[in-house]
Amino acid sequence: MIDGQYLLRRIGYSGAAFFVCVSITFFILHLMPGDYITNYLLSLSNTLPKEVVAQFYQQYGLDRPPWEQYLIYIYNILQGQWGYSYQYGLPVFPLIMEKLTWSLVILLPAVLFGIIIGIVLGAWSGWRSGGKKDLALFNFMIVFRAIPEFWWAIMAVWVFAFSLQWFPLGGFSSISVLDSGLDPWDVLYHAILPICLMTSFVATGNYYVMRNSMIAVIGEDYITTARAKGLDEHAVLWNHALKNALLPMVTMTTFQVAGIIMGNVFIETVFSWPGIGLLTTEALTMRDLPLLEGIFLLDALMTIGAMLVADILVSYLDPRIRMGGQ
Amino acid sequence: MIELTSVSKYYSSGFLCRKRAYVVNDVSLAIRKGETLGLAGESGSGKSTLARMMIRLVEPSAGRIVFDGIDLLALKKPALRQLRPRMQIVFQDPDTSLDPRLTIGASVAEPLVVWQKAGRHERDDRVIELFGMVGLQPELADRRPFELSGGQKQRAALARAIALEPEFLVLDEPTAALDLSVQAQILSLVQVLQKRMNLTLLFISHDLQLIGRMSDSMAVLHEGRLVESGKTDAILRRPSDPYTIRLLEAARESEEWFGKDK
Amino acid sequence: MEQKPDLKRNRIIIYACLCIIGIAAICVAAWGTGSGTAAGSVTKTPSTTEVIIPEDSSSSITYSSNMQKGGTPPGVYQGLVIKDLNGTFDPALAESWDISADAKVWTFHLVKDASWSDGVPFTCADVKFTNDYMKANNLTLAYVLHDVETVDCPDDNTAVVTLKTSYSGFLDQISRQPGITISPQHIWQNITDPQHYEDNQFIGTGPFVFDQDTAGYVRLLRNDAYYGKKAQVTGVVLKVITNPDSQVLALKNGEVDVVSDITPAVAESLKGEKNIAMYTINDTGAYEVAFNLGQYPSNITAFRKAMSHAVNRDLISSLFGTGRPTETTFLVPSLAGSYVNPADVGMYNYNLTEAREILKSAGFTWDNEGTLLSPDGKAVTLTIPMNTLSSDSNIQKIVSVLKNDWGTLGIKVSTVAYEDKKQYRKAVGANAVFIDSFPVTLHDDADALSDFAVTPLQETNYYNYNNARYNALLDSIHNTADQQAILRMAYQLQDILAEDIPTVPICTSDTIVAYRSDRFTGWDLGPGYYTVTDPRVLTNLTPVQ
Ligand SMILES: Nc1ncnc2c1ncn2[C@@H]1O[C@H](COP(=O)(O)OP(=O)(O)OP(=O)(O)O)[C@@H](O)[C@H]1O
Ligand SMILES: [Mg+2]
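Protein chains in written order, with this note's numbering: chain A, 1 to 326; chain B, 1001 to 1262; chain C, 2001 to 2545.
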């Protein structure tokens, strides 16, 4: 349940939170040791005339005091100006959007399938908790999770792409793109392996939460009550256990969906997938501040948006939570 | 009506050398049709577990349960399900025994839906009737459990339990979480219902006074074992087991305590 | 009222089924088209003579513009001259050049029939424009042209560059990485905001023409109108493969033709692999133990001298697995060629006893526990700053050898890691010893000696070394174009360095390259080519018939 006035207030708070987020990111990024000029110029030459260096600082506005840079930054954001990447010399927003699109090709299906698979397996496992099959699955998940994602990715490439040659080694298109243009089927073919990997990573995370939630719910008396009512197991599961166990998942999955925006560096590195994760790491090492600010700005937007959505969703789904009620 | 022979329940624990923790140990009991059996025992003595086993909501580890001539433990799941309407339970904790997502109207109506006891409109009428029987205002039907008081919830749980007109009803400390006046209301309600529907009752409580008032015969559990059973009057007058004696003494003492206070 | 949940449930089940069927269908379809594509990509059509080269990162090949970031993509843009590994300069857009006696006026005779890939002829105006435009717009690379006063064009094929001060190393400056490539005036004169201009034509004069940049591939085609030697391959495809392991796998199954900079371990595993050959580009990196003369105890000459005998080059070099020990003041003697002082070969030999003797005679002592004490009785401890950003494991190896040897001399050596270059530089200024590593392009001729100088342009150096005689000599070198005089003075500079020891060269490292021998007859195309994308390598590449 949610009332309109509360919703308005909530949106107001979100705006404030966004502003605080953006400010904090700005200062953290600017307090990071090192800067683009030093990083870039030092890679070119060990000995640079001082005035040349000073001129670059001035050119990038890095010679101004931080608060002045901050005011300029906020002013620009409010104008919808996200600035230009130092490294690429291109406007930040289209650059991020391009990389984000590629990340989404993998992450959107992966997160959706991952959530669904995780929930289904977790629910099943929790429903059967203590049984042999549950324990087998549970232990498998633990082992799967204990080994780093990077290793799985490398192994997957080794086995499925190199040895079996079922999938390409990486990239997002065959070389034929140069002659015949981008083929969506070809991109999909390149995306399948990373999607499968990502799906399994997302699924394991959701599996644990769902299993725990399920176990907690089936311990409740109302499940026993439902059995006492004479509902068959199927109905107990669907009408009572599942629906209640799903509630904690709503928030979690909303945030996962929002988290897509950060991409996944491991997958992107292993598969040479030009996504936002790679862009972020690269921008971090180069101290490409406008680009980093843009990425974190978008991230703050998504996260805060997700919080709002999760709140509203939960308040509709969970009658116990009433928003704005006294 | 229902007869237990050497029923036990244990949980295994420990990873390598499994230990058995007996929660209910070798209990034999019988309740005749229309009668009330009072089950007493301190907290953790296994009362709830025993009660749930009686209607096979918890699988016994060993023993035999015969319900109205049917061997309950031999039944397959679908057959057991067919038997469900004839035996019902009201749980100890009204907060958790109702699905928090459903309105209590829906909760009460659900067994009617499952067993297709009534058409859609009759069903609504029946829910209102049941609400009346347990003394709940019909307006409350659209509320969810968290919007009700503990007493109202317990009444709803009772309404739900009698909706299918069971022959055997387990009341697991139905009033433990409630204050005295509500307790009295609910108990007299139960007695009225029992008469009207010719119910066989298992009444669980750690309060010997209540058991004395409600039951024809009684049994006392101590650490999962049956330490006493027989006619209620007889036991309360002349308890044979030292544990029962202690229970009775404790009950009397607290009565004096409260008496002095007032 | 109670019928609804049932209906809803049914509906959900139906939706779920539809979704699953949909997903399955997509997968099956993808499988079908996929396996088709896979077969196509693995078996290359033999008529293709494009060379496919992996790139580590997409950003390295998709710079917004040549003006801002220098000569990418490879082979498209050209400078006036191009440098060889052996220290000489090959002609590029300049056929030949004359230097005034004071090394201040440089006259370049430009090639006559060069033209931009859009057909516009290349003239001196483009050279002049590049200089003027970069400076006027504060482009990052303009610093390379800092010394240039003016560029004049007496005629279309002559460019006269006048420097602010005499500088004999000018050719090196404009051709070493990143160098200056010439940009087309007719394209850039209309662009008012070059910092943020996104070039997608890349009009150059080189042996290759930019074709397209799509989906992780950059394709260059052979420039059939090129004025010089035309390439044999029809094109070059750069393919982004961000993971080095995948690059090797791609080489193995033939998706790329060459992989550069593989580790000695990977090279070992590739040995005996069918259709894969390897070669080594010698001395592409170099390492030194550098002293900060502004810090105790490196300010004591005897200490530095002693330490110069306590660097076990042979051991370190063998730990590297590639490269060779350096026994000259020049870090990379093979590259500096005749600039190397013939007198100082074999200097700084590794001998801990000698080191001990030098320390002793300079007044250093040892306490009971064997800790080295300076003449004024202080224990000698050293902290070596490390830069974690450069994932160069060789530096770790150097430090571990030093820790061991210097420990036996009674010096406690510790390390501090810095994640950031700026902080690292700061730490270098605050500690006595640091380990320096150079890509070859920074350290290959007489100009490398200016790293130790103090000049009006360079008020200090990393070694805090300041020797008036040295500075004066270097100034004279910059002021003359007389090659013999330059050599003589370069030897003198090296004598001074051998005396003062601001640094102890250790050894070099190599780059190992693996390539498909079933596709190309060879990659090791003569001396002077140090990357697999060097335009001279790409033009000389001969496909296997
Ligand atoms: N699933 C289980 N696993 C292990 N032990 C259990 C389980 N369920 C109950 N027990 C244990 O069995 C014992 C008896 O529990 P039970 O709920 O039957 O007691 P009770 O007599 O109803 O107590 P109370 O008066 O507090 O309701 C307790 O010690 C409890 O910890
Ligand atoms: Mg109990």
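Source of the hints: derived by calculation from the structure; they are not laboratory data.
Since the structure is predicted, the reported quantities are computational estimates derived from the model, not experimental observations.
Misleading hints may appear alongside valid ones.
Which residues of chain B face chain A? A few of them, derived with a C-beta cut under 8 Å, are [claimed, not checked]: (1) R1084; (2) P1111; (3) V1114; (4) V1192.
Each residue gets a CB set at the ideal place from its N, CA and C atoms; glycine is no exception.
Structure versus earlier hints - violations, ascending order: 4
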